[in-house]
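S.K.: If you want the building blocks of each chain, they are given just below.
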Amino acid sequence: MERSNCQQLEEVEGFGFNGLITQQQPSNHQNPTLLFPELPIDNDSSLISLDIGGTLVKVVYLVRENKKCMTSCSDGAIECHTLDGTLHFVKFETKFLNQWIQFLHSQRLCFVGENSDVQPTGFHKNMTIKKIDQEAFTHISGKKTYVNIDHCDLFPYLLVNVGSGVSIIKVTGNKKFKRVTGTQFGGGTIFGFASLLTNCQSYDELLEISQQGDNRALDLTVGDIYGDTGYPEHSLSASAIASCFGKVNGNKKLSGYKAEDMAASLLRNFTYLIAQISYLVAAPLGIKRICFGGSYIRGHASTMDNISYGLNFWSKGQVAAVFLQHEGFLGAVGALLNYKKIDLNILVPHKLTAYDSSRLSDVGEEFHGKLEERVEDRHNREVERLKAELDRIQNDKATLVKKLKNLESKLSKLCGSCSKLCSSC
Amino acid sequence: MERSNCQQLEEVEGFGFNGLITQQQPSNHQNPTLLFPELPIDNDSSLISLDIGGTLVKVVYLVRENKKCMTSCSDGAIECHTLDGTLHFVKFETKFLNQWIQFLHSQRLCFVGENSDVQPTGFHKNMTIKATGGGAYKYADIFRDRLDITFDIVDEIASTVAGANFLLQKIDQEAFTHISGKKTYVNIDHCDLFPYLLVNVGSGVSIIKVTGNKKFKRVTGTQFGGGTIFGFASLLTNCQSYDELLEISQQGDNRALDLTVGDIYGDTGYPEHSLSASAIASCFGKVNGNKKLSGYKAEDMAASLLRNFTYLIAQISYLVAAPLGIKRICFGGSYIRGHASTMDNISYGLNFWSKGQVAAVFLQHEGFLGAVGALLNYKKIDLNILVPHKLTAYDSSRLSDVGEEFHGKLEERVEDRHNREVERLKAELDRIQNDKATLVKKLKNLESKLSKLCGSCSKLCSSC
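Residue numbers (our numbering), protein chains in the order written: chain F, 1 to 425; chain A, 1001 to 1464.
Treat the hints as calculated values from the structure; they're not laboratory data. We put the beta carbon where it would ideally sit given N, CA and C, even for glycine. Hints are all accurate, no fakes.
Covered, in the sense of this in silico footprint (three residues per stretch, anywhere, with C-beta under 8 Å from a C-beta of chain A), are these stretches of chain F:
#1 47 to 61
#2 216 to 228
#3 276 to 290
Only some residues are given here: those of chain F computed to face chain A with a beta carbon under 8 Å:
#4 Ser164
#5 Gly192
#6 Gln201
#7 Ser243
#8 Val248
#9 Asn249
Could you put together the complete structure from these sequences and hints?
M.R.: So, in structure tokens, the structure goes:
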């Protein structure tokens, strides 16, 4: 491949982004690559789209590879070429965007394919749910169950996108939707509070330490106010939270509270809130299914359980919480689908009959492995080039040295005899 | 007055509770006393009720006073006695409840009997008082064991609704709207009151649909209430009280912490979905780990907390009211405390979402709905047939007059008592001094006689 047609991104110091192609995301099985065999496209260009959010940049790119295969026809078996495509999912923090841009600029980057362009976020997410098996799942009391969503049964549903903030969107058909409302209490809020109250460095760290915490150190429960019997007249059990952070009354300082307890309280209360507002919107609209998108959940089991529990409680089992495997990439996928040159709608994704994460890794390595070679090749070529340059200059230098000695020797001989140079000297 | 019939609550060090009668609450014009002239009650006992919540104890008590007046009848003008009552509103923090109980116990409380002109409210032994709130259950044993006071517990939600219904229907200038800094009293027609949504914002929030007198249902609630906002403020700033938080928030700018739609999309905002650039996309969303807590100003954090949680309460209230077709949302609880921008934020939010269809109404005695409702539960009194003193204009100076008329007289009586005590002691002192002077005089007399005796014969004769 010509350099101008290659995507070449190297590791930027401190950025840790080792090229779009080769970046191994932590816990990448959460956003597995998707294989689309036999894409009906001749153009061997690749496609990329960006979803630039308040906190995270999500990148989705399609990598194609020629495959030889045998097909039979009336003339006998013939070799033909098809193009498989793999959809890759990568994310990094928006605060690094300027550095990334600077890096891309310094590398004189070009994208594969002439008309590639970055597309802003769009909401065209129906394809993801409709096309991909084992994309949607429920998560109740620790148990994950994939749901097959009947295509006639999908609409209407409520899409709750939890990013820095929350958007709540009523989806009634393909490209038929309305942003009903939102709330400013999203992932950005919970991490914002955690940053100031604890030493958490990342949202993943917050999720982790919350597992060991007890929210009752901070939250005032109905039992704290009413006693062990709770407030049964109004269906409030003693364990129900009456006031988030309500036990904090000024007597204890921040240092008197454990980080994991605060983390547990923040996560539980804000998750519960998102579920509640979603329910309050869904119920009057008669909507039975709420799909949660955005990078808030990140496969965290108790977050999903809390949402499921809350919805089940308020709706008396009428409204279901559905989670998405590629929850954070809905916008980026939708933007990709917006390209005219590709019609992923007629794609047949590789149906995985069992969610086998090891198999997925093989698929990834098949592509990631080959591309990694190319980057090494480039490194090697660069080194060779420099070495060759060095040799050349050293040779030039040796030649000059030799010439200089020659002239000096001649000069000394001239001084010894007559003052004229004769050709024999 | 016999001491055993007096209520004597004095200042407890560190508690600052200078007696139920004379305590002047800070900003008491927010919860003004209410005058009920001519209560049709013979029994001169007073009434008191408690609402013991997660953060605050609310006390409401009725003080009665005999008044002479002239009425005319067929036999001519005759003197008669009526009883006026003043409803007082007092609150203090629940964390001081144990100290208060200890104090009451140590003072061997009692209250005024039948022969007094004034009957300050108080506690006495073997007494049953109405109590509501979670603390009524939690502290019932302590009150019984230490003070011999039995709680007659009334359901909190039922009390809150009863109190709200009473205040809204009976008291002029109880309900008001507050929009863009302007406070306007609303007269709520009794036929038009129901249904309404009552949102009680205490430590947490209860959202109650009220469809009639004693007809209500707690629809839902949220755990993000006054306790939350103060909890966060306590840990993030040096705020010592909720009032301090309200004060410093006035000088703060929430945009130092909050991520707006403009921060994400630029100055044009996101008009396709009606989101202006100034709309808040993520509360505390600008906090991304780079700056430490010390890098943020307390007033900015206070402004963000107040604005966002207030906005949330309004939003959830609206999401409940709208499908029920409810046009009016009344806010109770001690969260708002007359804070102008809190009320403006709620009003603005509701107006925005409902496109002007749903109104936010605030209550003058917002924090005392439960306590008032519990008081109404006493059988001996039927406040429903009371005619409260109608104030045609909300003139806080006039209210002070009314308050002073009662509080003033009571204060005089305490002063009178002091003065009498002082006079008594002075009189005692004079008396003793007189006695002393007399004794001195007698002593001198005897000494003089003795000296004369020593001079001449040893016998005393009558002439010496």
